[in-house]
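Note that the working numbering has the sequence shown beginning at 46, numbered continuously upward.
Treat the hints with care, as some may be off.
Straight-line alpha carbon distances no greater than 20 Å define the calculated DMTMM-like cross-link-like pairs of lysine to aspartate or glutamate that follow [claimed, not checked]:
#1 Lys569 x Asp660
#2 Lys593 x Glu681
#3 Lys569 x Glu638
#4 Lys425 x Asp435
#5 Lys569 x Glu658
#6 Lys593 x Asp682
#7 Lys580 x Asp563
#8 Lys645 x Asp660
#9 Lys425 x Glu400
Keep in mind the hints are simulated off the structure, nothing from the lab.
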Amino acid sequence: MIAILEQLNLLLAAVVLIVTFSLLAYIAMQNWRNDIARALVVLLAGVVIVYGGDLLLARATRAATMDVLGRAQWLGIAMVPAAYIHLANGLFAISESQALALRSRRLVYLAYLGSLIFFLLVALGTDLVVQGGLPSGPIAQFRPGPLFWSYALFFVIGAVVAFVAIVQSQRSALTANQRRRLMYLGASFAAPGIGVFPFLVVGMPAAVPISVVLFLQAIASVIVTVMITIMTYSIAFQGVLLPDRLIKQDFLRWWLYGPFIGISIVLFIQVVPLFERLLGFPQNTLLTFGVMLMTVLMPLFVSRVKPYLDTLVYMQDQDEIDYLRKLPRSTFTRADLRALLENSLVAICGALRVETGFVLVPDANEYSIRAVCGSRREVKRFLGDCPLPDLLPQLQQLPPRGRGLLPPTDAFVACGGFCLLPLHSPDGLFLGAVAVAYQPETLQSETSLMPETRQLISVLTHQMELALSTVQMQQRIFDALRGLAPEMESLQHVVSQLEQGTAPDLAATDGEMVLSPDFPQLVKDALTQFWGGPKLADSPLMGLRTVKRVIQDQGGSPTRALQVVLRQAISNLRPDEQLAPSGQEWLLYNLLEGRFLQRKTVRDVANRLAMSESDFYRKQRIAIEEVARQLALMEEDVRS
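Start from the sequences and build out the full structure, keeping to the hints where you can.
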């Protein structure tokens, strides 16, 4: 019975270690800037050190190794009380007790110093905190030293202070969601303490059987696993300006890919010896087949489970999320367009028994060859003999072709041994042209082609027109969505700020310049006189935290500091190099750079971007609003 309980405790200790380490990595990567999250990282690190030491101690055989491991565990044991005080300080900072948080900041440093002292007293081999060698056995622990009770008092003070801070923060919370999460935190905050406090150092009555102690340890491990998960979930929302649904989705997916898969692998490894005895196969053989099955089956299982978890997260928005999830499969991409154009071109050339052809389509402010069949040298020769600026007006003047047969005459523009047929959208807009190396007099002769060939060419060119118009329409929709992205992101931030805000936070936002309706106009005035002028030198933007932060680096000049911040905001808008140069992002960035950073005139920038002056001013308004949004995000980062 004791052997079974020992194995169960080792298995549960491994589960606690995997879950805690996974959650530590999650919270550290997702929310490191938040003080409450940093305190949680320290708490979880303490649990990882203690349970990792337990697993190593169970396999250690040398007394010296066991003693070193037992004392090394005190790094995790000693840091937990200070981390509780650190957590309390962060909670005071988001409640109405911000003055108390500022005063207790020094106490946090003193608490960590106290934890370091306790650890060093144990690690250096003194008998002041714990004493005696670490005996072997399933419940082996040191004996308490003279200062152990001081540590115990320190531990209790840290836990009580954290609990008081949670209760006070819950009372000052303004929204039901924030109160609910703080309630979760209050119900689970003791998990790290339960997991790391050395209860057995205190001693236990001799009448208590070892099996009872092992059973209680197993129950404690299960409780710690559940409570640590709840604690991390409740803190994951703190200071993160994202919608709840995204945080919940990220947390559930992390749990699937981290703790769930890790626990499954540990369980499999633990049952391998059982199958070894039952089946009689060597352990290495079973592990090989097991790893093969786990690497194949686990991703399949996770992919099957994720939609159901997403259903729980997006319960009220399920229809929209399902549609967006299926959208990548139904979208007709540029790669799909290229494949359709190439295949249709090959079919047309095959029907006409010619070797060379190409498709000409608009690309930004120019025209480019989008698909080629046959000799590229012939295509280059054609482009050299027949310049596109001279040829395109003739193609654009031709009337749109219907869905029937090809017109018998005047349907093509002949040049350089090629015949070009214009492509039009359903509403008559010019989309491009398909060209084949065919004799004009032969192709334009009504009797030179079989009716089946003419019908095939008509159908294929119509497919090209439909594909080109569809991709153009999709591109306009994507540009509109990209244009809405800043507004949607700002609204999400507002929702998160209101949901997580306390009375002092909401009072502080009353004077925030970035929330003023006049903020975009202030940004426009400063950009208009970016290289000097009263609108820059006397700009209210000098009061931004981001500007004050870089004044010292700019020799104490507020004007140069504001220029640096504005330049950085524009630089943040620079799109990824992989995006198409014709995209909305590049247009806005080039407009800002040319008009304000390079000091070019409106006409020069408009001509460079191939737009009218009226369109330029519309785009400039959008671009300035983007700069204002970047400044607001930079301001939020500094404030956080």
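(message) Tell me the numbers of any earlier hints that the structure contravenes, in ascending order.
(response) none
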